[in-house]
Amino acid sequence: MRTIAFIIRKEFIQLFRNKVMVRIIFALPIIQMLVLSYTATFEIKVIRVHVVDQDRSKTSRDLIGHFSGSPFYRITEYSNSETLADEDIMKGKVHQVISIPSGFEKDINTSGKAKVRIATNAIDGAAAALMSAYTISIIQDFNMNLMVESSGFPLQEPIQTSWSFWFNPELNYVNYMVPGILVLLVTVIGMFLSGMNLVKEKEIGTIEQINVTPIKKYQFIIGKLLPYWLVALFELAFGLVVAKLIFNIPMVGSIWLIFLFAGVYLLVALGLGLLISTKTNTQQQAMFLAWFFLVLFILMSGLFTPVDSMPYWAKIINIINPVAYFVEVIRMIMLKGSGFMEISHNFFILIIYAVLALSIATWQYKKTT
Amino acid sequence: MRGFIIKEFYHIFRDVRTMIILFGMPVVQILLFGFALTNEIKDAGIAILDPSKDLVTKEITGKIVASDYFRLIENLDNERQIEEKFREGKIKEVIVFEDNFAEKLEKDKKASIHIIGDASDPNTASLLANYTTAIIKDYQVGLLQSQATVPITITVEPEMLFNQELKGVFMFVPGIVTVLLMLVCAMMTSISIAREKELGTMEVLLVSPLKPVHIIVGKVTPYIVLSLINALTILFLGYFVFGVPIRGNLGLLLFETVLFIVMALSMGILISTIAKNQQVALFISLAGLMLPTILLSGFIFPVENMPWPLQWLSNIMPSKWFIIIIRSIMLKGSGIQFIWKETLIILLMISIFIGLSVKNFKVRLE
Numbered sequence: 001m002r003t004i005a006f007i008i009r010k011e012f013i014q015l016f017r018n019k020v021m022v023r024i025i026f027a028l029p030i031i032q033m034l035v036l037s038y039t040a041t042f043e044i045k046v047i048r049v050h051v052v053d054q055d056r057s058k059t060s061r062d063l064i065g066h067f068s069g070s071p072f073y074r075i076t077e078y079s080n081s082e083t084l085a086d087e088d089i090m091k092g093k094v095h096q097v098i099s100i101p102s103g104f105e106k107d108i109n110t111s112g113k114a115k116v117r118i119a120t121n122a123i124d125g126a127a128a129a130l131m132s133a134y135t136i137s138i139i140q141d142f143n144m145n146l147m148v149e150s151s152g153f154p155l156q157e158p159i160q161t162s163w164s165f166w167f168n169p170e171l172n173y174v175n176y177m178v179p180g181i182l183v184l185l186v187t188v189i190g191m192f193l194s195g196m197n198l199v200k201e202k203e204i205g206t207i208e209q210i211n212v213t214p215i216k217k218y219q220f221i222i223g224k225l226l227p228y229w230l231v232a233l234f235e236l237a238f239g240l241v242v243a244k245l246i247f248n249i250p251m252v253g254s255i256w257l258i259f260l261f262a263g264v265y266l267l268v269a270l271g272l273g274l275l276i277s278t279k280t281n282t283q284q285q286a287m288f289l290a291w292f293f294l295v296l297f298i299l300m301s302g303l304f305t306p307v308d309s310m311p312y313w314a315k316i317i318n319i320i321n322p323v324a325y326f327v328e329v330i331r332m333i334m335l336k337g338s339g340f341m342e343i344s345h346n347f348f349i350l351i352i353y354a355v356l357a358l359s360i361a362t363w364q365y366k367k368t369t
Numbered sequence: 370m371r372g373f374i375i376k377e378f379y380h381i382f383r384d385v386r387t388m389i390i391l392f393g394m395p396v397v398q399i400l401l402f403g404f405a406l407t408n409e410i411k412d413a414g415i416a417i418l419d420p421s422k423d424l425v426t427k428e429i430t431g432k433i434v435a436s437d438y439f440r441l442i443e444n445l446d447n448e449r450q451i452e453e454k455f456r457e458g459k460i461k462e463v464i465v466f467e468d469n470f471a472e473k474l475e476k477d478k479k480a481s482i483h484i485i486g487d488a489s490d491p492n493t494a495s496l497l498a499n500y501t502t503a504i505i506k507d508y509q510v511g512l513l514q515s516q517a518t519v520p521i522t523i524t525v526e527p528e529m530l531f532n533q534e535l536k537g538v539f540m541f542v543p544g545i546v547t548v549l550l551m552l553v554c555a556m557m558t559s560i561s562i563a564r565e566k567e568l569g570t571m572e573v574l575l576v577s578p579l580k581p582v583h584i585i586v587g588k589v590t591p592y593i594v595l596s597l598i599n600a601l602t603i604l605f606l607g608y609f610v611f612g613v614p615i616r617g618n619l620g621l622l623l624f625e626t627v628l629f630i631v632m633a634l635s636m637g638i639l640i641s642t643i644a645k646n647q648q649v650a651l652f653i654s655l656a657g658l659m660l661p662t663i664l665l666s667g668f669i670f671p672v673e674n675m676p677w678p679l680q681w682l683s684n685i686m687p688s689k690w691f692i693i694i695i696r697s698i699m700l701k702g703s704g705i706q707f708i709w710k711e712t713l714i715i716l717l718m719i720s721i722f723i724g725l726s727v728k729n730f731k732v733r734l735e
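Keeping their order, the protein sequence lines are chains A and B.
Sequential numbering from 1 applies to the first sequence in our numbering.
Sequential numbering from 370 applies to the second sequence in our numbering.
Check before you lean on any hint, since a few could be wrong.
[As the list claims (entries may be wrong)] Simulated crosslink set (SDA-like; lysine to any residue; CA at most 25 Å straight-line):
id : chain 1 : residue 1 : chain 2 : residue 2
1  : A       : Lys113    : A       : Ile64
2  : A       : Lys91     : A       : Trp163
3  : B       : Lys422    : B       : Ala503
4  : A       : Lys202    : B       : Leu568
5  : B       : Lys454    : A       : Ser344
6  : A       : Lys93     : B       : Val525
7  : B       : Lys427    : A       : Ser137
8  : A       : Lys115    : A       : Asn172
9  : A       : Lys279    : B       : Arg386
10 : A       : Lys106    : B       : Val649
11 : A       : Lys244    : B       : Asn492
12 : B       : Lys411    : A       : Ile64
13 : A       : Lys91     : B       : Ile714
14 : B       : Lys411    : A       : Lys93
15 : B       : Lys478    : B       : Ala503
16 : B       : Lys459    : A       : Asn172
17 : B       : Lys479    : A       : Lys115
18 : B       : Lys728    : B       : Val649
19 : A       : Lys91     : B       : Asn674
20 : A       : Lys91     : B       : Val385
21 : B       : Lys506    : A       : Ala314
[Stated by the list, open to error] Covered by chain A, according to a simulated footprint, are these stretches of chain B (three or more residues, beta-carbon under 8 Å):
id : region
22 : 410 to 421
23 : 454 to 463
24 : 498 to 510
25 : 632 to 643
26 : 707 to 718
[As the list claims (entries may be wrong)] Some, not all, of what chain A presents toward chain B, calculated at C-beta under 8 Å:
id : residue
27 : Phe26
28 : Glu87
29 : Met90
30 : Lys93
31 : Ala119
32 : Asp124
33 : Ser164
34 : Val242
35 : Leu289
36 : Trp363
Hints listed in this document are in silico derivations from the structure and should not be mistaken for laboratory results.
Note that beta-carbon positions come from the ideal geometry of N, C-alpha and C, so glycine has one too.
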């Protein structure tokens, strides 16, 4: 026990001696949350359109009125030239061109059939699909109004649809992002710091001094990991405080459950970090490997894009992705107040994972070179 | 000088692991972005609470389930189950029909549907609600058209420019190229110079007859070669595997790429003049380069929806301008007349970074 305590003390001294590191530990959560939670959004707030109205009739103006009345649309240009409109899209000035051909009103009144063309800049495919769908639904509404007026139904839509959003009624995106970012935070601290740390001793050569002492393998590894486990948990606590005070994120579920889960999760992250450092010789290599897996894990975890939309093979890969388990669970606990029963499945998988990662890492670490 | 460059090449190439990652990373990333990562919604789990179970509600349910967006997980019996199901996390939306739906629709010309979304993921919740409403409206239009005296149909011809099949990978390829160039050029250079300082070999270089300029040129040359190969690999994969076109002039594209590489290298050098050891260099590169490159450049998340301080901040991110440039060249086929402003900004940034590093570069160790 005393041996472990000495190693832990040494680690803490080394960690806090590095002033830059200490600053990073405190600054990282705040910066990450401030920047990430506001940037990582797919929300579309405003659609800029160029309206080409070649009909200039009452009906066409009515239709345009539907757009200018909506808070989503900003009509930046109003003309009767499709060439001008296409140029605006090319330059990136507008997202969409809505073009009403001449004879629009006449067609509706005589044959009941008319056409509208919309062209959307689809470089961002998902956003384009949504913008296009919005516009089509507004035109459909307009179409329905025309019919309701002409066919003598009572002036309302027969099927009424209403919405309600649970757990986050104002659809506040930050509430969704911040818990996920907390996961990112503890993962970066856990995997990077622990991964780089052991390899640093290798690179500088101090590992040999430790290898010749009677310190046992498990003592050394516990002594190396425990400090970072504590630092990462502290980081989580600090992050939760920032989340509450600055972002006022609701915390419906039990905080202790989050820490319990995080404790196990960190064992996995630290174990993987350690595994990386046993497999590498320089910090540059370790950092590169850690970076590679981290990016992979984070992108696939559902932090930014929904896991449900991924293809089958990607979901299979996610079985070995620890980040995916924690991202899912922390959101369930913080936003929906899920209890231990609902997260138990993820919890036990992570326990198995932690045991595996740590034992492989310990086994791979050799005291002789 | 030549000897020095060769030494640097040896340093990089004998490290097999780093090489594998350097070349494996772009491939894995582009495959991931191309196949797995999408913010569109497919097969979202929903539940239906339908006390009336009549012809109309069944028809509407059928239409909703038939679309690609939804997958019916289960039918609920009462409202109390909803919260429990949301907590378990398998269901994203519940559609609640009124009782005696068809009868009310027939008699009162009025019936209601309530959509409850699990807004712990607000983006998905609002998208799903929108899709559901659109399907219901569509059904309604059909209903009205069959009853109306004068049916009116406005056909909408939606046209998707530059990316007809709405592939996400079109948006991501330029971003991946940018992130990779940043990683290889800026991060690797800064770390490799910091490494010489940390190991003490910088001293050896400084007392040698090499001029500082030679040291820096020697350091960066291998990375220029590496990053060019990497960038070309991505463009190649994007083109042949995912069909991401290069509609503009290839020469212009390469010229802009080289320009950006020079920019990233000068940033890396600047960082290495500040950082004393590898860890610090790593964290500055990560926090100062990688995160902003991914987040503030419009790579994944559109910049225009961010709060204005961040939008303002994004303007000083070189990667933002480079992404605009390559998107325009590759996808829109723009010529230099559309992107000369962005190119000038990058040139300006290069001169600032080089100026600062020359000022900071110390020939002596403290």
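Now the hints, each set against the structure:
1. A/Lys113 / A/Ile64: holds (18 Å)
2. A/Lys91 / A/Trp163: violated (37 Å)
3. B/Lys422 / B/Ala503: Holds: lysine 422 of chain B and alanine 503 of chain B sit about 21 Å apart, inside 25 Å.
4. A/Lys202 / B/Leu568: holds (12 Å)
5. B/Lys454 / A/Ser344: It holds: about 16 Å lies between the C-alpha atoms, which stays within 25 Å.
6. A/Lys93 / B/Val525: holds (23 Å)
7. B/Lys427 / A/Ser137: Cα-Cα ~23 Å, so holds.
8. A/Lys115 / A/Asn172: Violated: lysine 115 of chain A and asparagine 172 of chain A sit about 37 Å apart, past 25 Å.
9. A/Lys279 / B/Arg386: holds (10 Å)
10. A/Lys106 / B/Val649: violated (70 Å)
11. A/Lys244 / B/Asn492: Given that 25 Å is the threshold and the Cα spacing comes to 22 Å, the pair holds.
12. B/Lys411 / A/Ile64: violated (32 Å)
13. A/Lys91 / B/Ile714: holds (17 Å)
14. B/Lys411 / A/Lys93: Roughly 30 Å between the alpha carbons, so the hint for lysine 411 of chain B and lysine 93 of chain A is violated.
15. B/Lys478 / B/Ala503: holds (20 Å)
16. B/Lys459 / A/Asn172: Roughly 21 Å separates the two Cα atoms, so the pair holds.
17. B/Lys479 / A/Lys115: violated (30 Å)
18. B/Lys728 / B/Val649: With Cα atoms ~20 Å apart, lysine 728 of chain B and valine 649 of chain B stay inside 25 Å; holds.
19. A/Lys91 / B/Asn674: Distance ~19 Å between lysine 91 of chain A and asparagine 674 of chain B Cα, so the pair holds.
20. A/Lys91 / B/Val385: violated (44 Å)
21. B/Lys506 / A/Ala314: Measuring from Cα to Cα gives roughly 34 Å; hence the hint is violated.
22. 410 to 421: holds (count 5)
23. 454 to 463: Holds, because 5 residues of the region 454 to 463 of chain B bring their Cβ atoms closer than 8 Å to Cβ atoms of chain A.
24. 498 to 510: holds (count 12)
25. 632 to 643: Violated: only 0 residues of the region 632 to 643 of chain B have a Cβ under 8 Å from chain A.
26. 707 to 718: Our answer is that it is violated, as 1 residues pass the Cβ test (under 8 Å) against chain A, missing three.
27. Phe26: Check failed: Cβ of phenylalanine 26 of chain A comes no nearer than 13 Å to chain B, outside 8 Å.
28. Glu87: violated (10 Å)
29. Met90: holds (6 Å)
30. Lys93: Violated - the Cβ of lysine 93 of chain A stays beyond 8 Å from chain B, reaching only about 12 Å at its closest.
31. Ala119: holds (4 Å)
32. Asp124: Hint holds; aspartate 124 of chain A Cβ to chain B Cβ min 5 Å, cut 8 Å.
33. Ser164: Hint holds; serine 164 of chain A Cβ to chain B Cβ min 5 Å, cut 8 Å.
34. Val242: Since chain B brings no Cβ nearer than about 17 Å to valine 242 of chain A, farther than 8 Å, the hint is violated.
35. Leu289: holds (6 Å)
36. Trp363: Violated. Min distance 20 Å.
Hints 2, 8, 10, 12, 14, 17, 20, 21, 25, 26, 27, 28, 30, 34 and 36, counting from the list given before, are not met by this structure.
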